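Below, each chain spelled out in residue letters.
Number of protein chains: 2
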Amino acid sequence: MMLDYKLLQALAAVVDQSGFERGAKYLGLTQSAVSQRIKLLEARLGQPVLVRAPKLAPTPLGRRLLNHVQQVRLLEHDLLDRIPALGEREQRLRLAINADSLATWWTPVTGSFCREHGVLLDLVVEDQDVALKRMRDGEVAGCICATSRPVQGARTHPLGSMRYRALASPDYIARHFPRGLNHAALRQAPAIVFGPDDRLQHRYLEMRGYQASFPHHLCPSSEGFIQLAQSGMGYGLIPERQVSRELQEGSLVDLDSESFIDVPLYWHHWRHGGSTLDALTAHLLARCNHWLTPLDGAQEFFD
Amino acid sequence: MMLDYKLLQALAAVVDQSGFERGAKYLGLTQSAVSQRIKLLEARLGQPVLVRAPKLAPTPLGRRLLNHVQQVRLLEHDLLDRIPALGEREQRLRLAINADSLATWWTPVTGSFCREHGVLLDLVVEDQDVALKRMRDGEVAGCICATSRPVQGARTHPLGSMRYRALASPDYIARHFPRGLNHAALRQAPAIVFGPDDRLQHRYLEMRGYQASFPHHLCPSSEGFIQLAQSGMGYGLIPERQVSRELQEGSLVDLDSESFIDVPLYWHHWRHGGSTLDALTAHLLARCNHWLTPLDGAQEFFD
Numbered sequence: 015m016m017l018d019y020k021l022l023q024a025l026a027a028v029v030d031q032s033g034f035e036r037g038a039k040y041l042g043l044t045q046s047a048v049s050q051r052i053k054l055l056e057a058r059l060g061q062p063v064l065v066r067a068p069k070l071a072p073t074p075l076g077r078r079l080l081n082h083v084q085q086v087r088l089l090e091h092d093l094l095d096r097i098p099a100l101g102e103r104e105q106r107l108r109l110a111i112n113a114d115s116l117a118t119w120w121t122p123v124t125g126s127f128c129r130e131h132g133v134l135l136d137l138v139v140e141d142q143d144v145a146l147k148r149m150r151d152g153e154v155a156g157c158i159c160a161t162s163r164p165v166q167g168a169r170t171h172p173l174g175s176m177r178y179r180a181l182a183s184p185d186y187i188a189r190h191f192p193r194g195l196n197h198a199a200l201r202q203a204p205a206i207v208f209g210p211d212d213r214l215q216h217r218y219l220e221m222r223g224y225q226a227s228f229p230h231h232l233c234p235s236s237e238g239f240i241q242l243a244q245s246g247m248g249y250g251l252i253p254e255r256q257v258s259r260e261l262q263e264g265s266l267v268d269l270d271s272e273s274f275i276d277v278p279l280y281w282h283h284w285r286h287g288g289s290t291l292d293a294l295t296a297h298l299l300a301r302c303n304h305w306l307t308p309l310d311g312a313q314e315f316f317d
Numbered sequence: 015m016m017l018d019y020k021l022l023q024a025l026a027a028v029v030d031q032s033g034f035e036r037g038a039k040y041l042g043l044t045q046s047a048v049s050q051r052i053k054l055l056e057a058r059l060g061q062p063v064l065v066r067a068p069k070l071a072p073t074p075l076g077r078r079l080l081n082h083v084q085q086v087r088l089l090e091h092d093l094l095d096r097i098p099a100l101g102e103r104e105q106r107l108r109l110a111i112n113a114d115s116l117a118t119w120w121t122p123v124t125g126s127f128c129r130e131h132g133v134l135l136d137l138v139v140e141d142q143d144v145a146l147k148r149m150r151d152g153e154v155a156g157c158i159c160a161t162s163r164p165v166q167g168a169r170t171h172p173l174g175s176m177r178y179r180a181l182a183s184p185d186y187i188a189r190h191f192p193r194g195l196n197h198a199a200l201r202q203a204p205a206i207v208f209g210p211d212d213r214l215q216h217r218y219l220e221m222r223g224y225q226a227s228f229p230h231h232l233c234p235s236s237e238g239f240i241q242l243a244q245s246g247m248g249y250g251l252i253p254e255r256q257v258s259r260e261l262q263e264g265s266l267v268d269l270d271s272e273s274f275i276d277v278p279l280y281w282h283h284w285r286h287g288g289s290t291l292d293a294l295t296a297h298l299l300a301r302c303n304h305w306l307t308p309l310d311g312a313q314e315f316f317d
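Residue numbers (our numbering), protein chains in the order written: chain D, 15 to 317; chain V, 15 to 317.
Hint data in this document are derived by calculation from the structure and do not stem from the laboratory.
Mixed in with the good hints, there may be bad ones.
A pair counts as met if it fits within one copy or between any two copies, since identical chains are not told apart.
As the list claims (entries may be wrong) - Taking lysine-lysine and the BS3-like style, the derived pairs with C-alpha atoms no more than 30 Å apart in a straight line are:
1. K147 - K39
2. K53 - K69
3. K53 - K20
All values reported here derive from a predicted model rather than from experimental measurement.
The following block holds chain D by itself, in its conformation from the complex (with noise of 0.2 Å):
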């Protein structure tokens, strides 16, 4: 082997925990053999792998030794599923996920794959540049994004459609549309808007031939997003299956008859992720069509 795992699991320990203190801990060392392990790898490769301050985190060049030293323990759980007697299989798949799916459908489709395999998640929810580029640099195993172009060593699968409807609370329409959707009222009414980088609300905004600015509340939580809507603050596009109680009830009605956008998700994983990775694949495209809506022509990409 050309690298110290020893070394590489210290700094791998300190990262994860957040410091030295509780990454020594973890590995059952002192501080300061954890410290003499750090130092000795950063005097190996003649360059530092951590920053101190102002906050512990790993160099561009302790990123990827971390990136590497996951995809080794996605191999070696490869490996312990069919030698049992090495040690114990716990597994861990750092993913991305957009907000929305993994405040609606992520849990319920893939829990019980994960109960079932001891995988423990390690979730990070990014705007899908932020996670392909994630995926590109092979900080994340896989990724839920809407665009359909696989990166470098990954594979893609298309998943469906997530429905978007523009909703907002029946008094909130009284009061800021009561003669409809026109271009007068849409530069006045608030629209609630999930991030700087969500286009959803312009995209549907210039689907109806409005182009010009509108005000709007930024929120980047997903159910911040919906009480928002709730509460009469403004209008957003809002996934149908996260508010179908609030549809049901009537707390939050339809803008118009044709309020929708279908938002196409496609899962990105690495193409040598290991058989968990691979079985997780199977599992999601078999189980997503209960909750998202087909896509047509449903290939396969390879980058």
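Knowing the structure of chain D, use the given hints to seat chain V on it.
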């Protein structure tokens, strides 16, 4: 005036709208006019205010200018309140709110205020260290976090505490804790942790004399966290108010009878943030008692 606000406005539009083209459209200018304004601004300052690649973002200098623009807008809003003929009274408040507050009580408490005062919210979700850093840098006008120490130029008020209970699904408890919360079981039972900086689970285990490592999922989404717990993938500390229905239905139950932690919450806001921010503060303090338990010694803090 020492600053040319026409140039600053161009910078703010490009950043707020995430692009030159959209920024120009927002201002009703051509893209080249906006480009020229930003070039002129950079020429006068002798430094770049934006980085163009890999992603459009303000430089530290650009960020300081944007903070200034935000503060000027708050002061303008006060002025417009008194001289309505001057212009429209749209106001944005940029605030950092912790994820669990945003998912539970924030909107029920502040919604009516924002509607009545025509406030547009620009919310960011951050863990508390980052939130306080953003306060200190002037990036947000207010924040909610668990620390009472005010940052420079800010005032701090105690809001009350939020009760977190250690919860899981009944089948999870039967599977992982058939003989109660002993240390052998805690070493094996997967927990759910919000993110690498979330120490609530660790505090809970330390209260039980358990200091070793434990398997855990990471799930930085309030709703996703609850879904993981409901699906039997792990146990975790969940705001009681967020799952009153699940507790009543019995889909989530307490791990043991003393399984709670009260987390204090404080409201930090700019000392000179204008009258709307002061009014929001008064509104918050008057209403949050319905959702949060009052803290002992509810004094005010100054930097």
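Against the structure, the hints:
1. K147 - K39: between (32 Å within a copy, 29 Å between copies)
2. K53 - K69: For K53 and K69, only the intra-copy Cα distance (18 Å) is at most 30 Å; the inter-copy one is 34 Å.
3. K53 - K20: So K53 and K20 pass the 30 Å test inside one copy only (13 Å; across, 52 Å).
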